[in-house]
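Residue numbers (this note's numbering), protein chains in the order written: chain C, 1 to 379; chain D, 1 to 371.
Rather than coming from a laboratory, the hints here were simulated on the basis of the structure.
One or more hints might be untrue.
List of simulated lysine-lysine pairs, DSBU-like, C-alpha gap at most 30 Å [said to hold, decoys possible]:
(1) C:Lys133 <-> D:Lys259
(2) C:Lys160 <-> C:Lys133
(3) C:Lys138 <-> C:Lys295
(4) C:Lys319 <-> D:Lys198
(5) C:Lys356 <-> D:Lys316
(6) D:Lys316 <-> C:Lys275
(7) C:Lys275 <-> C:Lys187
(8) C:Lys275 <-> D:Lys259
Note that the structure is predicted; figures quoted are calculated from it, not measured.
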Amino acid sequence: MKQNEMLAMILAGGRGSRLHDLTNKVAKPAVSYGGKYRIIDFPLSNCANSGIDVVGVLTQYESVLLNSYVATGRRWGLDAKDSGVFVLPPREKADAGLNVYRGTADAISQNIDFIDSYAPEHVLILSGDHIYKMNYAKMLADHTAHNADATIAVIEVPKKEASRFGIMNTDETGRIVEFEEKPEHPKSNLASMGIYIFNWKLLRKMLVADMKNPDSNHDFGKDIIPTMLADDKTLYAYKFKGYWKDVGTIDSLWEANMDLLDPNNALDLHDNHWKIYTEDVTTLPQYLGPNADIKQAFLTQGCTVDGEVKNSVLFTGVKIGTNTKIIDSVLMPGVIVEDGATVTRSLVANGVKIGKNAVVGSADSSAIELIAKRVKGDD
Amino acid sequence: MYSAFGIIKPTDRNVWVDGLEDYRAVGAFSFMGRYRLIDFPVSNMSNSGIDCIQVYIKRKPLSLTAHLGSGRHYNINSKRGDLQVLFPENRTEHDLYNTDIDSFFTNLEKIVEMPQEYVVIAPAYIVCKMDYSELVKQHAESGAAISIAYHSVDNANESFLNCNVLTLNKEKGVESIMPNQGTAKNRNISMDTYIMKKGMFLDLVNAAHKLSSMYTLRDIVNDVSCTMDVRGIPHRGFFASITDFKSYYDANIALINIKTARELFTADWPIYTKTNDSCPTQYFQDADVKLSVVSNGCLIEGTVENSIIGRGCEIKKGAVVKNSVVLAGAVIGENVHVENQVIDKRAVLLHVKEVISAPDEPGYIKRADTI
């Protein structure tokens, strides 16, 4: 992509409080996913693969790990000259005190100076906590073809679930005529994915006005988009087809991991033409012992297994002892399951140790059990 | 701490790995699925605080240079450190004059300009964990002119036959470096790893070059061992010397045992390699994998036993892979039975039922071959 054509801003400040203990110490975009990734690897890799050179990451909640993680832009190849990943937590400025980001739009408003320094034609706004693969260059082509003021990526959701989303009502050309946030009686099933392309000059004007508006929530969905529609600006919907998941809860995070076990899953991490890049860890390959029995599973480097693993996802450095059973579970980086233990329908948090012969979770539980603390065994 | 730079020397004629070496230099050989042989000496140097490394390549530079890149993945300081790849442009592959000394001599300026006092010279065909800073310290404090690392073995009558043997006196002084004739069990195998001052190294290169155009570093060190203080420094821990096809196969298979692997790979001594950004490996409903080492990016539906599977391999339904080393991107088709093989990169086994060799004579499937 031509330099300065489009700059991306990733909103990564959310806590994700429904992920409970998983986000006690890290923000939701830094939560581990899919064996070796963190959620934010997806938008970052999508940017790199779409030819976007400059990415700002807006952090706020528990940002220490996230800041240092994304600052190493070379992981995603974003380290060429004049490109990079920039961490943008709230900061004190000469003419303004230190303010937290009051909303998604405010996070961008507080970084107008950063965006101005690149003078991009377009700004792409992304969410740091969605799992999907998308070519933003195609969306930009669509945006320019329509000569639009803004383009919003949408995905078709089942009608009965539509009232959980921000719904876009469009005319036959795809132009957005109405936006409804979580409507009781949805008129369409096109849900906003929280991915926006704006013409920077226009957005800048709107943000400056929004900052001064005392009644605003400073939110793209609640304020900026409705104002644009009211002002009769041209907004288009960009239909995305493919895998897309917002992992808000333990159950949905577990489910998103389980989706990877389906041989025909639409996310297709094996596609070498759209790789998802992540931290490069120095570990051994996977070591499978004489008693290993692994079926329907997703394993990454650094795992050692000498037990039974069925329908489960094992992250970097997981160690599974002898005579163990891991069924329908997700084991995050560094989990240790000692000899004789059984783990069923559980999500085990980073580094948790499950002791000898311990039994965790049960096959008939309705919700997935989150194991975030050490489970003592027989010894 | 003594300052030293590193040299990864090209292999002498005692090393030839049938099949694999047709395509790449020894350092670029895939090892244990995710590594290349050169990762071991370069990581050893990096972990020892050696940040300036020269890699000499005698032939087939492509895969090795692609793998080494800028050297960033070896954790070498990107400003003060330096990884140079040096290739003898005037020599052809099987040229008898294409010796290690010739490589050094043609690049003499590059060696002269190194500011460090000492040089550590190690080959790419030896797999081990070695703290060179400790070696340099021992060498400097001993007052020896040249030190050579060696490993004492008790099976030199049947293994290490292409290696050289150090004859040592009681003070660990080296009396000679001669090819292993396989006549005795207990031998001190030379690890082809030398420590000396840079000035000494330059003298040796010049002297060897004057004496004979076919001289190697080993030859000249052997010559001077009668007149100079040349000493051996023993090495302990995992050690493999990949000098032929069988030793390549054996070294891979030996490391399937996790206890053996833990001798070579420890948390405080990382072995770096270039990431490929492969996704994790998928095991399907019919997968049956035991006692094996598997890399990322594979799709496994079949049976794997006592084998090493490289990155991005596909083991299809009903396929059986036993006692084999499968390199990156290979495909073992449905119901194909493979035993005691080294299967080179991107080979595709589709139309055969069985590829089985005797355990003591493993077979080889060529790179990108379709069978």
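Against the structure, the hints:
no. : hint                  : in the structure
1   : C:Lys133 <-> D:Lys259 : violated, 40 Å
2   : C:Lys160 <-> C:Lys133 : holds, 25 Å
3   : C:Lys138 <-> C:Lys295 : violated, 38 Å
4   : C:Lys319 <-> D:Lys198 : violated, 46 Å
5   : C:Lys356 <-> D:Lys316 : violated, 35 Å
6   : D:Lys316 <-> C:Lys275 : holds, 23 Å
7   : C:Lys275 <-> C:Lys187 : violated, 36 Å
8   : C:Lys275 <-> D:Lys259 : violated, 34 Å
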